[in-house]
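Undergrad: Construct all of the structure, not just a fragment, from the sequences and the given hints.
First to last, the protein sequences are chains A and B. Each residue of the first sequence is one higher than the one before, counting from 1 in the working numbering. Each residue of the second sequence is one higher than the one before, counting from 1001 in the working numbering.
Hint data in this document are derived by calculation from the structure and do not stem from the laboratory. No experiment lies behind these values; they were computed from the predicted model shown. The C-beta atom is built at its ideal place from N, Cα and C for all residues, glycine as well. Warning: the hint list may mix true and false statements.
Claimed, not checked - When the alpha-carbon atoms are kept at most 30 Å apart in a straight line, the in silico DSS-like pairs for lysine-lysine are as follows:
1) B:K1641 with A:K192
2) A:K285 with B:K1525
3) A:K179 with B:K1680
4) A:K227 with B:K1426
5) A:K227 with B:K1215
6) B:K1137 with B:K1094
7) B:K1460 with B:K1426
8) B:K1613 with A:K285
9) A:K285 with B:K1545
10) A:K325 with B:K1215
11) A:K192 with B:K1608
12) A:K159 with B:K1687
13) B:K1215 with B:K1545
14) A:K192 with A:K159
15) A:K227 with B:K1613
16) B:K1673 with A:K227
17) A:K227 with B:K1667
18) A:K285 with A:K227
19) B:K1680 with A:K325
20) B:K1687 with A:K182
Stated by the list, open to error - Chain B stretches covered by chain A per the calculated footprint, using a threshold of three residues with CB under 8 Å from any CB of chain A:
21) 1106-1120
22) 1593-1607
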Amino acid sequence: MRPILLKGHERPLTFLKYNRDGDLLFSCAKDHNPNVWYSHNGDRVGTYRGHNGAVWCCDVSRHTERLITGSADQSANIWDVETGAKLHTFSFESPARAVDFALGDKLCVITTDPFIGNPSEIHVKRVERDSSRQSNESVLVLRGPAGRINRVVWGPLNKTIISGGEDSIVRMWDVDTGKVIKQSDPETGHQKVISSLAKSADGSHFITGSHDKTAKLWDIRTLEVLKTYSTERPVNAAAISPTLDHVVIGGGQEASQVTTSDRRAGKFEAKFFHKIFEEEIGGVKGHFGPINALAFNPDGRSFSSGGEDGYVRVHHFDADYYHIKM
Amino acid sequence: MADVDVEQIPAAPHMLAPDNVAEPRVQVNIDWSQVDLDTIELPEGEDFGILSDDDQEEEEILETNTGFGNIIVVDNLPVVAPEKYEKLEGVIRKIFGQIGVIRERGLWMPREDAGEGRTKGYAFIEYTTPQEAQTAKEQTNGYKLDKSHVFAVNMFDDFEKYMRVPNEWVPPEIKPYTPAENMLAWLTDDRGRDQYVIRFGFDTEVFWNDARLGKPDPVYHRSFWTESFVQWSPLGTYLATIHRQGAAIWGGAQTFNRLTRYIHPQVQLIDFSPGEKFLVTYSSHEPSNPRDTQRVTLNIFDVRSGKVLREFKGSADDFATGGTGGVAGVSWPVFRWAGGREDRYFARIGKNAISVYETETMSLLDKKSLKVDNVMEFMWSPTDPLLSLFVPEGGGGNQPARVSLISIPSREELRQKNLFSVSDCKMYWQSNGEYLAVKVDRYTKTKKSTYTGFELFRVKERDIPIEVLELENKNDKIVAFAWEPKGHRFAIIHGDGPRPDISIYSMRSPTNVGRVTKLATLKAKQANALYWSPLGRFIVFAGLKAYNGQLEFYNVDELESMASGEHFMATDVDWDPTGRFVATSVTSVHQMENGFNIWSFNGKLLYKLARDKFFQFLWRPRPPSLLSAEEEAEITKNLRKYSKKYEVEDAEQSTLIGAQDLEHRRKLIDEWKSWVARWKEVHEEEKPYREDLRDGEPSDDDEDLETEEVEVEEIMKVEEEIISYGFEQVD
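TA: What follows is the structure, given as structure tokens:
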């Protein structure tokens, strides 16, 4: 498997996202400009210029028309995917982090970090088809968790919002009442910061990665822990294969300690696990910094990883990958 | 229960979830508003009826300033008139003030007539520490002031202690005999597996090493079992744990019941005698005066009874090894045990002497130490009561350094070798006590650098011939040296730079059994440690620390490498006592990768276990085989016949495991399938709503689900073949 190296960012990668067709890959990094690439050959299609801080997260609408990005410049932008024009800016009092479009792309959720006295918040905004009519008003604001909320996604039928962050608890919020309906059990849940959260292709379950060196698979309706995958290093990113029963987990030692040890000490590998048996299948090496972002192509034939080293690696699977016997 | 009304805090209009803010992480199902605290009755007793785990709490000796532990009573003082009182006080203060610091107003001599008349002939002296009082008692008891006044000195506390002894003898209660557990039951495992103990975080766990299952089989698990470390006894009968009050041993195959406790407050180190008869415990205590050296306490216990047989106390200097120019600090073990399972002798090094003790009497052999000027280091032969010792150069280079072999108890010097311009010496005994290798670092003529050579003693041969071995490149640094256990070969890692060479030598040559020959030199290896299999023949070259855990498994009989591997960041390598498996572990010196790997002797990785904060991995040692050498040779000869039986067992076992494994996997898949089915049902129901949310666009993400199922079936098919084979066997 020969990876394609996407060299377009100058700072550590933060997030990767394929569109639904799988032909485009969106990448966010701590430099201020998200990029979009052709996923099959790694050519850069374009750059979205306009943010003035690290971009933490992005999401793309179902028909690849709109892109939403959350940035440390205390704003979340909506872009026209094709032209790269900034359609709207949501401004906040503190850095924006996670963003996610709801089913139907009429709503989006944006989280903001705790910042100078402001607690962390989850905002739900209405997204208008005609961006000239776009309002800044939040439909709903959720507060409560201590510390940053690192990732947020919509539950089935836009009825719930799932969040995970620094307080190591996964919460399920009711969108109608704005209350926490369920939260993870401190015994079976994560013990340390939840760094990533990604839904399965059908939205029935999701995977979380945590600095407690595990990734966990959850039922999106009951918040029941279905599976736990243990590794030897903090997990920064996790993704679920859309076609096979595989999950991929990436991470590594903390960036601040990388220079103090051997190149291989961090084991900056993307590790594949069998989703049902919780057994390790194999690993893909290559990055020379911790892996911060992972995403599967919706066709399940390739995946990409983004590292602290500033590179995105797009891996197309070999034929024998589909015949791995457990 | 403060009655804070959360509702009173005015909620901001956009704040929709105030209820969750104050939600505690751990929820207890108690409605506190319904609880009246006054009605709660605590159970009787200080422990509320909950029995403590420590069933016989030891009464601690108080070391406070106000206790009586630091007071001595001096009897047989002269009875003097009041005018001579001052003089007598001066004399006593002089005698006892030499030993320790007498506290202010700490000397009191009672006098008649309400403190005005003659003295009563005794005195109380209070020191600052109990240790000083103890030394004062030992040193001045029996001190002759003059002919008629011989001091009788006692600890103040002792009076009370002996007063308590009842006058009538009561026959001790005879406890009914309860059969003890078979301590060796673990050796009779029908699959011949070995045990090991691991310690990580606060937990200690014992496992069977099950290579067939490819995973550890748990035996016993306990959190907070020990306060610092665990240690097997040399024959594997006991597992020792360390606690604040002392050490304890645990035994058995599965249960690990506590067998004996050894009281030694603040114990830090322990050491078993090779035959498991005795246990040495060690602790050092900060002195009350920071200028003094540390106080050291050593106890020798009888393992079975838990009784102290001998106690050693003193300052750390008294126990520092390394002779006169010794390095500060105590090197462990202080007492080294003579070889063999009889546990006859143990010895320690002192200044210009080696003290050999007999276990029968727990006292110095022949009541005197072995005088050796400037002795620096000594070692016992692993099998015989034979000491090897090293004395560095003395008299400014006029006296050569020497290595000698001394037989105990005769103290006869069997062999001596003088060595010149020596900078350092290290001794390595072969495990059967047949050979002794002495690594000698010598100064070059310029005295600016050193080079290394070996002196090889053939201890079991007549007159103990010595052979000198020098490497081809004399300037090579020696990184590691190791004897083949029970064999006649040894391996050396030598060379400078990042890729040293490894040479393997034999004490015999094909033509001459009395001559050292080189078997092979392996060039440019990434290794810095040697680990022979306990049975010999196989060796692991390990590159630890700077080499990041490179491993090479080497067959010395065939002189060929069997496999190489890597356990990244590995810090430790341990062979199991049977020489079948190797464990490599990464301990908590590294933050990540903590855990251990188990390899077969020929370098096949069998399984791994990751554990955060991993501290210890210890194989349970086995007692030596009961078979004689001939019987063992017989088995090796007919190995084919024996192995057939086990091969069949292995095959049966693996089909059984295969079936179990398959069963387990099938269960997992079934569970997952039913979960997916349940989810799909709801998902199907929700379809119209989803379409509605998407403005009538049909949702197409159900395809993915079907693909998932097809894959699951494929996996099933492959494994079903194995099961049918398994059933045929049963038929």
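Undergrad: Going through the numbered hints above, which ones does this structure break? Give me the numbers in ascending order.
TA: 1, 4, 21
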